[in-house]
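Protein chains: 4
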Amino acid sequence: MNTFGKKFTMTTFGESHGVALGCIVDGVPAGLTIDETFIQSELDRRKPGKSNLETKRKEGDKVSILSGVFEGKSTGTPIAMVIYNEDQKSKDYDSVKDLFRPGHADFTYWNKYGIRDYRGGGRSSARETAARVAAGAIAKLMLGAIGINIQSGIKAIGEIEGKTNDFEYAKSSPIHALDKNYEDKQIKAVTLARDEHDSIGGSVLTIATGVPIGLGQPMYYKLDGALAEAMMGINAAKAVEIGEGAKSATLRGSQNNDPISSQGFESNKAGGILGGMSNGDAIIVTTHFKPTPSIFQEQHTITKDGTETICSLKGRHDPCVAIRGSIVCEAMMALVLADMVLLNMGSKMEHIEKIYR
Amino acid sequence: MNTFGKKFTMTTFGESHGVALGCIVDGVPAGLTIDETFIQSELDRRKPGKSNLETKRKEGDKVSILSGVFEGKSTGTPIAMVIYNEDQKSKDYDSVKDLFRPGHADFTYWNKYGIRDYRGGGRSSARETAARVAAGAIAKLMLGAIGINIQSGIKAIGEIEGKTNDFEYAKSSPIHALDKNYEDKQIKAVTLARDEHDSIGGSVLTIATGVPIGLGQPMYYKLDGALAEAMMGINAAKAVEIGEGAKSATLRGSQNNDPISSQGFESNKAGGILGGMSNGDAIIVTTHFKPTPSIFQEQHTITKDGTETICSLKGRHDPCVAIRGSIVCEAMMALVLADMVLLNMGSKMEHIEKIYR
Amino acid sequence: MNTFGKKFTMTTFGESHGVALGCIVDGVPAGLTIDETFIQSELDRRKPGKSNLETKRKEGDKVSILSGVFEGKSTGTPIAMVIYNEDQKSKDYDSVKDLFRPGHADFTYWNKYGIRDYRGGGRSSARETAARVAAGAIAKLMLGAIGINIQSGIKAIGEIEGKTNDFEYAKSSPIHALDKNYEDKQIKAVTLARDEHDSIGGSVLTIATGVPIGLGQPMYYKLDGALAEAMMGINAAKAVEIGEGAKSATLRGSQNNDPISSQGFESNKAGGILGGMSNGDAIIVTTHFKPTPSIFQEQHTITKDGTETICSLKGRHDPCVAIRGSIVCEAMMALVLADMVLLNMGSKMEHIEKIYR
Amino acid sequence: MNTFGKKFTMTTFGESHGVALGCIVDGVPAGLTIDETFIQSELDRRKPGKSNLETKRKEGDKVSILSGVFEGKSTGTPIAMVIYNEDQKSKDYDSVKDLFRPGHADFTYWNKYGIRDYRGGGRSSARETAARVAAGAIAKLMLGAIGINIQSGIKAIGEIEGKTNDFEYAKSSPIHALDKNYEDKQIKAVTLARDEHDSIGGSVLTIATGVPIGLGQPMYYKLDGALAEAMMGINAAKAVEIGEGAKSATLRGSQNNDPISSQGFESNKAGGILGGMSNGDAIIVTTHFKPTPSIFQEQHTITKDGTETICSLKGRHDPCVAIRGSIVCEAMMALVLADMVLLNMGSKMEHIEKIYR
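As you go down the protein sequences, you meet chains A, B, C and D in turn. For the first sequence, the working numbering gives the first residue as 129, with consecutive numbering after it. For the second sequence, the working numbering gives the first residue as 129, with consecutive numbering after it. For the third sequence, the working numbering gives the first residue as 129, with consecutive numbering after it. For the fourth sequence, the working numbering gives the first residue as 129, with consecutive numbering after it.
No lab work stands behind these hints, which were simulated from the structure alone. Hints are not guaranteed to be accurate.
The list treats identical chains as one, so a pair stands whether inside a single copy or across any two.
[Stated by the list, open to error] 25 angstroms max Cα-Cα, derived DMTMM-like pairs, lysine to aspartate or glutamate:
(1) LYS442 with GLU324
(2) LYS442 with GLU394
(3) LYS375 with ASP226
(4) LYS225 with ASP294
(5) LYS375 with ASP294
(6) LYS134 with GLU214
(7) LYS375 with GLU287
(8) LYS299 with GLU164
(9) LYS313 with GLU426
(10) LYS178 with ASP326
(11) LYS134 with GLU187
(12) LYS313 with ASP326
(13) LYS190 with ASP226
(14) LYS134 with GLU478
(15) LYS375 with GLU289
(16) LYS134 with GLU481
(17) LYS442 with GLU199
(18) LYS442 with ASP220
(19) LYS442 with GLU214
(20) LYS134 with GLU289
(21) LYS201 with ASP226
(22) LYS432 with GLU481
(23) LYS201 with ASP172
Let the sequences and hints guide you as you build the complete structure.
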C-alpha cells in the first residue's frame, strides 16, 4: 500500500532517520526528456531550512536517478530515485521513544504494527513527502509536454485568509502567499505561533490549467475522488474541497450551476470537474492542513505501557506545515493527472484506431 | 474503474433508465449470515418517493441476490445483486438529449466517450447509488459482527446548520436531521427551494463507532484518504472533512492536538484518525453536497454541436440530494471500513501466527 | 479476486446450481458495436449437450445484456451480462454433499471457507466458464476492430496427437479437431473412456494472428506470463506452453532462436513472444487439460469428518473437458489481448501526443 | 507493471548496465526478523561466476537495505533494497546497439518503446532477477516462520533428464542437479554446448512443503494460475507444468485422480493444487527454459532500419540459463506463496473473529 496511482505509479520507501528514502516511478512513457535539474529544483522548493519559518533540519535532498533513463530520455522502464539521509539527529528522539506524541501517528503505528521506528516519526514523518515531490516532478514533465500546468499557494494561515490568488506572486513569497496584501499578516501569524512554542494551521490552493476535457474515470476513480484521496493523504491534511467546495452546500442550484455558452463555461464553481471528469476549465482544489502536531509545550500523554506522562518535545519542526505542504499538493495533483492522462487513453474506439491502425 | 475497494470490493453496473443496475460484492468472508431483509431495508431507506421532499420517481428497488449465498450464509464467492428498473419514463429526456444540462455530467461524458445514454443521466445518475447501498449493507453486516456501527444524518441544509448531533433522532426524521431544533427550518429551506423551481445544498455527518485501532493502510491507502475518495466520489459531493476538518487549519497546535490520558483521548478533533489509521475513537466525516443541478428554471447552455440554447428541464428530481445522500455516505463508509478490516489482517506476524499456527 | 485483467476487465459471479451466473465487463472503449448475436453464438459454441461427447445437462445459456450498451454501441460504462440457470438437478448431488470427490475442488473449498455449495461444484464448476466466454466475446469484438483474430482447436486427446493444425477444419469438427486425419481416433478415445465410465485428458492449441508488435507489459505482466495465468486458471488445466514450449528446453540456442530477415522472423519457435511482448508473429499457446475428475467408477475418499468412504458419482459430465475447454481458451486469450491492447497505449510519448495534441 | 503480487508485493527497478538495481518489498508483516546474511546468501546462490558453467561477469551483488527494518525487525513499512552495478563492460555491446539479437527482447523493446538501453539487454537482462531473489529471500523468511519450505533443482538439461529428485543433493551440485546419476551427463551437455559456441535449454523442478490447505484465490488469482504467471515471467521460460502437467492430458481420470484416505491424499498427481487452492500436499511446479539466446555463432538478423545483417555476439553469457534460473524459480514461488498467505486471511469469518475479538 505504498504505491500511488494505477498506471502512472509511484512506489515510495524510507523513514525520516533511516538510511535513505526514495521512489520508483512506473508507467512513464518512453521518450520523455528527463530534466534532472528540474527534479532537483522541485526538491529544493520543498526542502526545509530555506527560511526561519521552517525546521532547521538541513537536508541536501540530493536526488540520484538509478534506472529508467538512458541518454537523457525515459525508456519506459521504472525510474528509481534515491535520496540519502544526512542530518540525522536521532538522539533528539530518545526522550519520546516510549511515549506517544499527541497529534502524531505514534499511537496508531504502535498499535497496528507492535513496533515503531520512533526516530523523527519514522515512516510517518513529513520527510517522506520528498519522495512524492521527486515523483511529482516527473509527472509534471510529462504533463508539461501536453500543456498541463500546475501551481499552488497559501490561501490562509490560521484565520488570516487572502482574497486574491496570484500564483506568480506565490512563487517568490517565502510562505507561498497567494495574496501579497495578506502576506505580512500571515508571516506574523506563523512567527507568533513559533515564538509561543506553538504551531498553526493553514490552507493551500492548488490549480491545474490546460487540462483536456474528459480526464477522470467514473465510477470509482473519479478525478475529484482521486484528488481528494491524494490531498487528504498528505500528512496533516484534514479537509479537501473541489471548486466552491463546502460553500456549495450553502447555495441554491441556480447559484451554483455553471452556465455554458459557446465560449465555454460562464463560471467555474465546479472547480473544473463534472461527473468526476475534467470539463476543460481549471481544476481547483483547496487542502486544509492542521497545525504541526509537534509543539514545544507540555502535553498530556501516555507511555507504551499506558502510564500517564507529560510530553515535552525538542527537535526541529516547521511551525506551519501548510507552507511546505503546498509543494506536496502540486506533486500529488501532478501524479493524479498523469495517471488520468494515461488511463483515459482507450476510453473510445477512436483512440484505439489512432494508435493501432 | 467501476470497482471500489481492494479486498472487500464492490463492482457496479447500470444506468438510470437501462434494464437493471446492480453489483458484485467480492471478498466477503465465508460464514457471514446474509440478512436479505436488512439489505432491502437499507435500499428502502435510500429509495426515492418516501416524502414530497424527494423525486417522485417510484422505484421498488427490489433487490435479488443471484450468487454467493448458500443456506443463508456467504460462501466466500462473489455475491451478485440485481435491481431491475421499473419506472422508466425515458420520454422525459427527449428534450435534453442534444444539449448539456448545466452542473451535470452530460458535457464530460459526451467529450470523453463520444456517446452518451442521455436518459436520466445514464450511468452518472444518482440512481447508481442504489448499488452502493446494497453492497454497503453487506459491509455493514460484516462490520456489525465485530461491533462496528455506522450512522449518519443531516448537519446542514443550505445555511441552516444544526448544533447537536443526535443520530438516533435522525433515523426517524424525514430529512435525517441531526438536530431536531433545526429540523423544521431545514425542511422549510428545502420546500422553499423546490417551490421556487430551485434546489439547495446540504452537509452530511457520518460516524463509525467501535472501530478497532490501526485500520487504514499507510502510505497511499490511508483511512482518511480512502474515506475522502469514497465520499467525494458520491454524486454532487464537493468537499470532505475529517474531524474538525477545515476548522483545524485555523487553529493552533495547542488547540488542535488531542491529549491522551490513561482513559484514552481527551478530545476527538482528529475525527478518530492519526497518521491515516484509526485511533479507536469515533471516525467522523463531514461531506458537503452541492445543490441538485437539475432545476426547473431556464439556464444557458449549448447543444452537442456548440450552438447556444436554453435548458428547460422537466422530470422528477430531489430538491436536496444531501438528504438521500446521507444513506449513501453510510454505505461508502461501511465499504471503506470493511476493506480496511480485511487489509489490516497480516499487518504483524502475530496475526499470521494466529491464523496459521 | 473474481476480476480478471487490469484495464479491460471481467468480474464474474455465479454458481453451477445457483440462480444465475454472469459478468461485468469493464474498460470497453465507447463506440464499439456490440453484436449480441455474436455473443450468443460464442456461448452456443461452449454450451453442453451439442453432441453425445458432452454432458447432457441442457443449458440454454441465453445471455441478457443489462447495461453499458445504448443504441447498439458500447458507451464506456460497464457491460453487465446475466445467464439464468435452468436445468438445475440439485438432487443429483445429495449423495456427495458430505464427501470430497477426488480430483475436485470440494476438499479445498471446504477447508478454505468452512462452507461449500456442493451442488454441481458450486463456484468451481466449469459452468462458470460461460461467463468467461460471454466476456471474451466482447473482447473479440474489440480485437476484431483492429484485425486481431483468435482461433483454437484440439491438438491431442489422450495420447492421440494430431500432426497438422487446421483451424478452419476445427470449427466444424464436433471435437474441434485440428487434424482431420486424427479426428476419428480422437473421437474414439473419448467414446471409449466414456463407455468405460472413465474420462480422458486433452490438449488445446490457441493462436492469435494480426497482433501488433509490442503488446505485453514487462516486467510482471508480460504477455506470456499473463497468458500462462489465463490458461492455467481454466478448470482442469495443468500445463501451459508458449511456442515450442517444453521442447525448447531440449534444444540448443542455434536450433531455438528465430533468425530475422527483412521479411520478418524466419521461424516462430518463440510463439510470437519475445521478452514478454508480442513480436508480430502469431501468438501460439498450448494448454493441457487433465481428464474430467468426475468419473463413474468407485473411488476412495473421505467425508467432511474424515471418515473413509467410497465416492460413486452420478450426474452428467463431459468425458473430456478439453473439447469445450478450447472455446474457453479462446475467450481467455481474447481477454488477455484486449487488456494488453489498452495497457500498451501510453507506452511512448508518441501515443500521448497522438491522443492529446 | 513492475510490481509483482497483490498484498505481499515486490516492485523492482534497474537495468543490466545502469547505476543500480533493486526492489521495494511491501506488505511484509511487522515483527519479522530480517536476516540480512540470509538475503545475501540467496543472492550469492544466484550470482554469476561461481563456476565455469556460468557467465564470467563478476557481480558482487552486495545488497543494502535502505528502509523498513528497525533493530533487526521489519516495521510494516516498505523494505527497499539496492544492489549497485559494478562490472559494467558496456563497450561489449557497441556492436549490437543497432541490431536485434535473435531470441532476445531487443526487437520488441525497440518497437514498443522507440528507444532501448542496449547495454546488456537493459531491463530485459536476466540480471534483473537479482532483485527478485532479494525480495524472494524476505518472502522465504516469512514463510519459514510458519513452516513453509521451498526447494528447487535441475530436472533436465537438454534431453538429459534425471529420474530422481534429491533436493538436498541439488544444493551442493554446481548445476543444482536433482539426480546425481545424471549430473555428469548434464554437465557435459552444458560444456559441449558452450565449447561449440552454442547454448542449451533445461528444466527446473520447484517444490514447496508445509503449505497450509486453502492458499490460492479463486477465481482469477488461483494458486496454479499465479505460479504459472510467476514462472513464465522469468526470462527464457517457455512452459510451466503443475504436478503431472502435460502428462495429465494423456491420462484417464481413473489414472489421474488422487484418491483420498484418512491419512491424506494417496498420490500427488495434482501437484498439491485442487480448484486453484493448495490441498496440503507438496506444491510441485516444473518450469522449462529455452537455451540462452546469446550464442557465439553467426545469426541472421536486421538492424533498426530493417537492413539484413549478421549478428556476431561477444560478451559473457551462461550457456544454460536454467541452472541459475532454479534460484529465481524458488524466489518466485516464495513471492507467490507469501502473497497467498496474506490474501487468504479473511477468507472466513472465523479469521476475522480471531484477529478482532
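**Prompt:** Is the C-alpha distance from LYS442 to GLU214 at most 25 angstroms within one copy, between copies, in both cases, or in neither?
**Reply:** So LYS442 and GLU214 pass the 25 angstroms test inside one copy only (19 angstroms; across, 43 angstroms).
**Message:** Please sort LYS134 with GLU214 into within, between, both or neither, judging by C-alpha distance up to 25 angstroms.
**Reply:** neither (32 angstroms within a copy, 33 angstroms between copies)
**Alpha-carbon proximity context of LYS201 and ASP226, limit 25 angstroms** = Close across copies (18 angstroms), not inside one copy (48 angstroms); limit 25 angstroms.
**Prompt:** Between copies, within a copy, both or neither: which fits LYS442 and GLU394 at Cα up to 25 angstroms?
**Reply:** Cα proximity of LYS442 and GLU394: across copies only (23 angstroms, versus 52 angstroms in one copy).
**Prompt:** Should LYS134 paired with GLU481 be assigned to within, between, both, or neither, using CA atoms and 25 angstroms as the limit?
**Reply:** both (23 angstroms within a copy, 20 angstroms between copies)
**Message:** One pair to classify: LYS299 and GLU164, alpha carbons no more than 25 angstroms apart. Within, between, both, or neither?
**Reply:** This pair counts as within: shortest intra-copy Cα distance 20 angstroms, inter-copy 45 angstroms.
**Message:** Within, between, both or neither: how does the pair LYS442, ASP220 come out at a Cα-Cα threshold of 25 angstroms?
**Reply:** within (7 angstroms within a copy, 56 angstroms between copies)
**Request:** Pop the pair LYS375 and ASP294 into one bin, within, between, both or neither, using alpha-carbon distances up to 25 angstroms.
**Result:** both (21 angstroms within a copy, 24 angstroms between copies)
**Intra- versus inter-copy proximity for GLU187 and LYS134 (alpha-carbon distance at most 25 angstroms)** = Cα proximity of LYS134 and GLU187: none, with 31 angstroms in one copy and 34 angstroms across.
**Request:** Give the relationship of LYS432 and GLU481 under a CA distance limit of 25 angstroms: within one copy only, between copies only, both, or neither.
**Result:** between (61 angstroms within a copy, 23 angstroms between copies)
**Prompt:** Given identical chains, is LYS134 near GLU478, meaning Cα to Cα at most 25 angstroms, within a copy, between copies, both, or neither?
**Reply:** both (23 angstroms within a copy, 21 angstroms between copies)
**Request:** Check LYS201 against ASP172 for me: Cα-Cα at most 25 angstroms, and say if that holds within a copy, between copies, both or neither.
**Result:** within (22 angstroms within a copy, 33 angstroms between copies)
Of the numbered hints stated above, those contradicted by the structure are hints 3, 4, 6, 9, 11, 13, 20, listed in ascending order.
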